[in-house]
Amino acid sequence: MELFSLFFLSLLSLSIYLLFLRPNPNQPKITGFKSYPLFGTLPEFLKNRHRFLDWTTEVLSATPSNTAVFRRPGKVHGIITANPANVEHVLKTNFENYPKGTKFISLLEDFLGRGIFNSDGDLWRVQRKTASYEFNTKSLRNFVIDTATVEIRTRLVPILEKAAESDRVLDVQDVLERFAFDNICKVAFNVDPGCLGGDGTAGGEFMRAFEEAATLSSGRWENHMAKRDQCPSAQGAWNCRVEQEGIDVYLLSERGVAKQSRMELMSVCSRSCQAEFMYAFPQLYKIKKYFNMGSEHKLMKSIATVHEFADKIIKSRMEEKSENKDEDLLSRFIGTDKMSTELLRDVVISFILAGRDTTSSALTWFFWILASNPEVEKKILNELETIRNRNAKRIGDMYSFDELREMHYLHAAISEAMRLYPPVPVDTKACLDDDVMPDGTFVVKDWFVTYHTYAMGRMESIWGSDCCEYKPDRWLENGTGFCRQESPFRFPVFHAGPRMCLGKDMAYNQMKSIAASVMERFEFDVQGDKETSPEHLLSLTLRMKGGLLVKVRERCMG
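So the sequence shown is residues -23 to -1, 1 to 535, counted in mature numbering (1 follows the signal peptide of the UniProt record, and there is no 0).
Note that these hints are calculated values from the structure, not bench results. Be careful, since some hints might not be right.
Said to hold, decoys possible - The calculated DSBU-like cross-link candidates involving lysine-lysine, where the alpha carbons are at most 30 Å apart (straight line), are: (1) K265 - K422; (2) K355 - K139; (3) K11 - K80.
Sequences and hints are given; from them, build the entire structure.
Next comes the structure, spelled out in structure tokens:
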């Protein structure tokens, strides 16, 4: 009996290898990602799941056109590209064929509704037209700068002063995220959550619920790549359920022999098949949602808190019917008389999401990279001193809109940091009809198309042999010192085409205002290894695992 069982298990193991794991020598190499029968790219994905961005960057850089097919189980696959011509084709030339798509909209719809960042077609166009008009008004521009000025003076600087006095370690990423949350709520709602200062009781609850909703909603999207346990916190770490021994089974064909005994092999194979089931059916979240269980239960509670907070403000503002129109975004959209209360809420929540995470992510990586580039820091300080002297300002005085525009080198330094560490490292569209990319890649209807902003910043074909080095001077016009405009299809950090970010200039002004105010008065001593890039955390934006821990020192004000 034991001999028969041993024979049966051996035969089953051999069958699994021959049918599913052995590479097919006749399969054409149409993708840079190694693909296995039935399992597609899953084995390689699991092997590199902790370094997803760098792994995919390596694969794309090794392909002739910086584009590769990503094969999932089943018929629906997709392509990942870091080719500027392909990016322009998707985001501009053939824009109508590459919407967000119903599949991806549905993943975030509970949280973002049908706001401007989670809609297509006429609904998106109406919101875009309204937002485009409002974002170009001088009054909104001034309101944004004035709001940031107050936040910097009354909250950010005092926190840094206290950290310097006490010589304690400070998490700059956390401080910047709280600052950004207060700031964008003021701009969007004209409401101060007080997350960076004061007790922030109501606002703090709103922020925690918002963070949890963003993380758990993004977890649904991540399930389209592989199954992960979702941490209900702002960290959003990717923790895969499949154990390393499961990966060993997938990679048997590469090693030729199994490390496990035959019984262990079957046990591991069973667990791997469970993971494959989750990978093949990523919409399993709908079942959890139907039964109100697990992460979906937590998500619904968080969304309810966010919606309740926003609805109270919208209802109160609409009932006031004040003749004096406030300058925040909500008041501007209410004034259009074209949107329901629910859509107003969706629009404002979308703007909070965009304004909260992007600037804090960009500045966190900027301050980290600055710590190992003192020559860049010195050039920025020299530029600030020149502007200050020219306008008779003292250290601590806030800069005007026109003075912020004069900060060409600081603009270049921030752009260079975002080139290497973009706040939104990847973005995905749906393909409506069969199409051919400029590089010849064929895209099948219903496939997903992902443009890889993180990888594009590391492509030698785009930025040259020094593409992985931090060099702000690459952004400056020869001989003038002015920061040049880069093609958004080579540098799609703020998207491109009809969906180009409306708040791009606003974001740059905010980041320059914060960076200038902080750098003139303080220097950060980054704790730990300054040379090795921190581990990435992927939620809806690129965050730094463990935060950015620094000791703050005040500069001599002489």
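Hints and how they fare:
Using a Cα cut-off of 30 Å, the hinted pair K265 and K422 holds, with the two alpha carbons roughly 29 Å apart. For the given pair, K355 sits about 25 Å from K139 by alpha-carbon distance, which is consistent with the 30 Å threshold. Between K11 and K80 the CA atoms are separated by roughly 26 Å; this keeps the pair inside 30 Å, and the hint holds.
Of the numbered hints stated above, none is contradicted by the structure.
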